[in-house]
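Residue numbers (this note's numbering), protein chains in the order written: chain A, 308 to 939; chain B, 15 to 494; chain C, 807 to 1027.
Quick caveat, the hints were computed from the structure, so don't treat them as lab data.
Relax, there's no trap hidden among the hints.
Within a straight-line C-alpha distance of at most 25 Å, the following computed SDA-like cross-link-like pairs (lysine to any residue) qualify:
1) Lys130/B with Ala625/A
2) Lys832/C with Gly497/A
3) Lys832/C with Phe923/A
4) Lys130/B with Ser629/A
5) Lys835/A with His104/B
6) Lys732/A with Asp97/B
7) Lys502/A with Thr826/C
8) Lys492/B with Gly442/B
9) Lys130/B with Leu632/A
10) Lys365/B with Ala765/A
11) Lys844/A with Pro100/B
12) Lys273/B with Thr377/B
13) Lys108/B with Pro592/A
14) Lys108/B with Gly650/A
15) Lys732/A with Ile87/B
16) Lys832/C with Leu875/A
17) Lys729/A with Ala667/A
18) Lys492/B with Ala411/B
19) Lys835/A with Leu99/B
20) Lys729/A with Tyr85/B
21) Lys835/A with Gly105/B
22) Lys502/A with Gln102/B
23) Lys242/B with Leu768/A
24) Lys832/C with Pro496/A
25) Lys844/A with Leu99/B
26) Lys832/C with Gly927/A
27) Lys732/A with Val79/B
28) Lys492/B with Ser444/B
29) Lys365/B with Tyr459/A
30) Lys502/A with Lys108/B
31) Lys732/A with Phe90/B
Beyond 12 Å from chain B on every Cβ pair, some chain A residues (computed):
32) Leu348
33) Leu786
34) Pro824
35) Phe910
Even glycine gets a Cβ: it sits at the ideal position worked out from N, Cα and C.
These are the residues of each chain, in order.
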Amino acid sequence: MTTIAFPTLISRPTSYTGLWSWIGTVDHKRIGTLYGVTAFLYFLVGGIEALIIRGQLAQAESDLVSPEIFNQLFTMHGTTMVFLVVMPMSAAFFNWMVPLMIGARDVAFPRLNAFSYWTFLFGSIFLNLSFFLGGAPDAGWFGYANLTGITYSPGDGVTFWALGLTILGVASLAASFNFVVTILNMRAPGMSLMKMPVFVWMALVTSVLMALAMPIIAVALIQLTLDRVWDTNFFNPAAGGDPVLWQHLFWLFGHPEVYILILPAMGIISEVLPVFSRKPLFGYPAVVFAGAVIGFMGWFVWSHHMFTVGLGPAANSAFAISTMLIAVPTGVKIFNWIATTWGGRLQLNSAMLFSLGFIAMFIVGGLSGVSHASPPTDAQQQDTYYIVAHFHYVLFGGAILGLFAGGFYWWPKMTGKRLGEKLGKWQFWLMLVGFNLTFGPMHWLGMNGMPRRIATYADGLGWEMSNAISSAGALLLALSVLLFIINFIRTTSSRQEPEDDPWDARTLEWSIPSPPPAYNFARIPQVKSLDDFWYTKHPELLHDERGEEAAASAPAEEDTHGGGSIHLPGMSYYPFIVSIGVVIGVAGFMDVLVELPGTNIQFPWLSAVGIVIGMFGLIGWTFEPVSEEGGH
Amino acid sequence: MNLRRLLPPARSRSLFLLPVVPAVLAACNKGDAQSTFGTSGPVADTQANLFIFIFWIAVAVFVLVEGALIYSIIRFRRRGSDDSLPDQTHGNNKLEVIWTAIPVLILIAIAIPTVKIIYDQDGPPPDQGPVLDIKVRAHQWWWEVEYPGEDVVTANEIHIPIGQWVNFTMHSDDVIHSFWVPKLAGKMDIVPGDVRQLAMKADEGGMFFGQCAEFCGEAHAKMRFRVKAEEPEAFQDWLDSMRRPPAELVSDDAIAGQKVFTDNCGSCHATNTWQAPGARNERTRLAGLRSAYLDDRNKADGDRTNLIAAPNLTHFGTRDTLGAGLISLTRDNLVEWIADPDDIKEGNRMKELARPYRENTLTSEDVRQLAAYLMELKPVAADAVMEPDDGTAGGTAVERGASTFDSSGCSGCHSTGSDDRLGPGLAGISARQNDDYIRESIINPGAFVVEGFSPVMTETFGDTLSSDELNDLIAYLKTL
Amino acid sequence: MAQATLQGQEQHGNVADTNTGISNRKMLMWVFLASDCLFFGSFIATYLVYRNESLVGPYPNEILDIPVTSISTFVLLMSSLAMVLALNYAQKDRAGLARFWILAVAALGLVFLGFQVVEFTTFVDEGLTIHQNLFGTTFFILTGFHGLHVFVGVLWLLGMAFAHFKGALTSRSAEDLEMAGLYWHFVDIVWIVIFTVIYLIGFSDGEGIETIEHAATIIGG
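Turn these sequences into a full structure, and let the hints steer you where they fit.
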C-alpha cells in the first residue's frame, strides 16, 4: 500500500525503559500493569472514602464530617469503586491475560489499547480534581435527575462527574471494541469459541456489554451536561421533562454494568477452581452458556432498580419475573463451580481461598437479591442499607474477592514471583471476617429501617450497635488490604527463581516463560482442545477420557518464517496525545464557555483546543506506520 | 391472601429470626421505631410476611448450597502432598437440568404471591369503607400536608384515624423524594412533575416514624416526619381544632414575638390557615413564592430564591417535633433552632435564603420572643368559639377583604405599601386602576403584567376565591 | 501465520489471518456501528418519550417543513448510491472514477448539512431553541448529533480523497473505502429512522393532550 508520504510529526519512542517508554508503550502486558497499578491506587482512595463514611456512621448524631462532605464521599466512593477500581482492574486482567490465553502476540489494536488506558487515567484524574476545585460531585453515583440539575446542584461537582464519566466511557468503549475484535479474530489456530478458556468468554461477554451499554450512559450524561451548561430541558420538570427518563437510561446502562463488574471475576474463578481442584471445570458449556445468558438477560431487568418509582403493577410484575429468572443462570454457575471442587484434590492456597470465598459470599448476595426481586418486599428494602448489604456481597464478596484470586493466581505469570502464601491467607481470613462484620449487619440495619445515603441518624432507633460493628469491620478490611500491600512489597523485593508453570495449570499463558517475553509466544500454538496446555502435559488424560486421539501432544506448527523475525508493533506517543485531546475537549464544557460574538451561543473554546490536539494526534496516528520497518 | 394461612402471623414468626441470625439480631428489638418488622398496618404486614416467606426459602437454599460447598472443601482438600490426579469429570447433563429446574420451581413459588400482592396493593381496597384523602407535597427538606375537603393544612406531622384506609396523593415541588413509613407501608417515590399514590391503613394507634428514602440533597438525612394514628374521634377533634382561631396570646414575650414574626417570618410562613380560604390558598401562596423564579433561569443561577418554600405553622404549638420530625418541640429546642437552624439541620433553606439570616437581623431577644409566640400558637378551646370560622362572616366588606388579603396569600407577594416585592406594591392601586382591571388581574394574572415583573402569579384565584370574597378583596384594595 | 501477524492485522488486516475471515478493522467498524446504534437509539427513544409533551410552542406541526427536508433526505440517500459507485470503481482499480464519486458523496453530504444549517437557523428565528421547549431540546440535539456524524463522514471522505491523491484508490486499498462506506451507509440509515420519527410520524404533533393536565400538576392543582 502506498500513500503519500506524511512528514513524521513526532519521532516514535525507541527506548524500552524509563518514563517515556511507558508513555509510548503499546505492549498489552505493560498496559495491563498500568491499569492494575492505577486501579489499585484508586482502590485505596475509594477505601479511604469508605473508612471516613464508616467513621461518620459509627455512632448516632455524629459530626465527624458535614453532610456536604458526606454526600461527596459516598458519591465518589461509589463512582470510584465502580468506574476506577473494578472496571479497570478487570481491564488489567483482560489486557494481561486475554492475548496470552488465546495464543496471540498482542491485542488487535495495540495503539487503541494505549489510548484506552490514557483516556481512562486522564478521565479519572479529571474526576478527582473536583475535590480540589470547588467540591466533588455530591448527587450520588447514580446521579438522579433533577437533583443534578443546575438549580439543585449549582456547584461544579456534578459537571465534573458528568464529564468525567463521559471521558471514562470513551475509554471503556475503545477497550471493549478492542477486546471484541481480539477475541473473535485473534485466537490461535484451532481454538474454536468452545475451546476458549471461560475467562476469555467472560471477557468477550463483558466487552459486548460495554460496547452496547456505554453509549446509553453517554447519551444520558450528554443530556445532563447540556441541561446544566446550555439550559436544555431533558430533565427539567418545569418544561415538562421527566426525571424518570434519566433513571431508565441510567439503569438500562446500569444493570448491564453490574454484569460488566461481576462477569470478569466469575471468569477468573472459573480458571482458578479447576487448577487447584486438579480437575476440569465442571460443565464448561453450561458455565459459558450461563454467562452469555446472564449478559443477554441483563438487558431486561433494569427497572428492578425502580420498583418504588411508581411504574405501575404491570411493569413491576414483568420486571420482577425477569429479575427472578436471571437468578437461574447465576445458580447454574454456582452449582457448576461447587461440582468442580467436588471429588477434587483441593489445594487451599490464597488464590483458591479467594475463589471459594467468592462463591460463599456471592451466594449470600444472590439470595438477598431474590428478596428484592419481589416488589412488595423491595418497597421496604429499596434505598435502605439492606440494598447496600446486598450489592456489597455481590461486588466486594464477589468482584473484589475474585479479582484478588486472579491477582494471587496470575502474579507468578506476570512477575515471575509468587506472592507470599502466609500473608495471603492471613489477608483472606481477615478480609472474609472483616467483610462479613462490615456488611452483614447492614442487612439488619436496612430491615430495621435505616435508609441509605444519610449523613447521620438519630439516637434510639436501634441502629447504633449494628453501625458500630460495621465500622469496626471496616477497620479489619483496611488491615487486610494493608497486608496485601506488605505482601506486594515483600514479594517484589524477594528473590525467586521464575517458574513457567508453578500451579500445573491448564491454559496457554502457562506454556510460555514467566514473565512472558514481549512477543509472548515464540511460536503460535496449535490448539486441539479445551485446556490444550493441560492435555499437552497429560496426553493420556485426553485419550482416556474422551476417547479421542491424543492429538494435543502434537508439537505446535513450526514457525516456517524463520527465527528472529517476530515483528512487534512499534511504540507510539500518539495515543497519549489523542487522549489529552479528548480530555481537554470534554473538559471544555466546564465553566469556561465564551459567548460567540453576535449570537447567544455559549461556546466551549477549550473544547476547540482539545479537538485541535486530538486531530493532530489522530493524523499522526493514522500516518505512523505500525512498526519501525514501515508499512507492509 | 392465602400466604397468610401458610405461615404463622408475622410477630410470632419474626422471633424465629433470633436463633438463625446471631448476636446482631438478638441485640435488636422488633419494636424499633422504623423497623419493617412488628408492623402496624395491613400493607406493611403483608410485605413483612412475604419477606419472611422468601427469607426462609433463602435460608434453606443457603444452608444447602453453602453446606455443599463447605463439605466439598473439607472432604476433598488435599492432604499432605498428594499430587495424584483425581477423577477427571467434565460435567453431567442430568445434573445441569436438575439444578436449572429446581431454582425455576422455587422462583415460581416466590413469583406467584409476589404478583398477587403487587396487584392487591395497587391502591386502597374498594370494599373497606371510605378512604381518607391526604395530599403530601415534598420539599427540600420537609413535608407539606393537606387534607383536601377539610380545609386543613399542616406540615411534617400527619394525623390519621385508626382503622380507616388512607390514600396519599403525593407531589414534589423540587427533586425526587420518597415517602416511607416503615411500620405502615413500603415506600413510594415522589417525582416532580408527576403524581404518586400510596395507600395504607393503621391498625393500631401510635406515633409512626417516617423518613425520606430517596437521596434528595444536602439535608436528606434530616427530612423526617411522623404519622400519628389516633382513634377516629380524636382525629376528628384534631381536624376541628385546626379550624379554630388561635387562642389569645398570654405572655408579653409572645405578644412581642407576634410582631417579630410578622416582620420577619410572615411572608413565607403562614399561621392563619385555620380560616378556610387561607387553607384553600396555601398551595397558591407557596406556588407563588416558588414558581416566581422557575421560568427565570438567569436568576436561578445567581439567586436560588426559586427554592423558597416554608412550612405552614398554623397552631404550631400543638406539634410534637420541629425541623421535620428532628427533635421534640420544646421552648429551648425552638430557641436553638431559630437562633441557628444550621446547628440542627445543616443545609436547610431557611438559614440559606431567609432575609433575617442573610442579613443577620434577629437579636437573641427576638429569638426568645419568637419562640414564646410560636409555643403559644394553639387553637382556642372548642367551647370558646362563637362565630363560624370560615373567615368571611362579620365585619365590613373592607375588613373581610383585609382578612382575605392575608389569608389567601396575597400578602406573601404584595406589599400594601408602595415597596415592590415579587409583585408590585399595592398602595394607591385604586388611583391607578379601576375595579375591572383589579378583578381581571386577580382572576387572570397574565392579562396585565406590570413592566419589570415576571408573569409568575398563579391563575387559581378565580377558582379558590368566591365572588363575595373577591368583591371584599377589591373593596379592601381600593382603600390602600 | 506467526510472523508479521500483528502489524499486518492492524494496518491492513489480511483476511486470511483472522479466525472469522473478517479483517480486524472491518470488525472494529461493525462493533463501533453496533455501539453507535445504541447511542442514536437512546436519543431517538428520548425524542419519542417527549413527543407531544412540550408545554409551549412552537410545536412540530407549526414549524416542520416536510417538503424541504424530503429534498435533503433524498440528497443523503443519493449520497449512499454515490458511495456504492465509488467503492465499485475502487475495487475495479479505476482510481479516477472512484475519486470522483468519493467527492460526490462528500459534496452531497455537505449539501445535506447546508439544508440542516438553513433549517436550524429558520427554526431559531421562529422561536424554537434548545431551551424553548421539549421539542426544541430533543429535536436539535438528536438531529445535531446526526449532523455531527455526517460532518465527520465528510471529513473522512475528503481526507481519503486527498490522501490517496496519487492514484492509490485501487482494489488494494478498497477496504479503506469500504470502511468509510459502512459508516456512511449507517449514518444514512439512521437519518431514515430520524426522518420517519420526527418528520413523518410527528408532523401533526402539536400541543399535547396531557399538556394542560401537566401544567396543572406543576402549578399544583
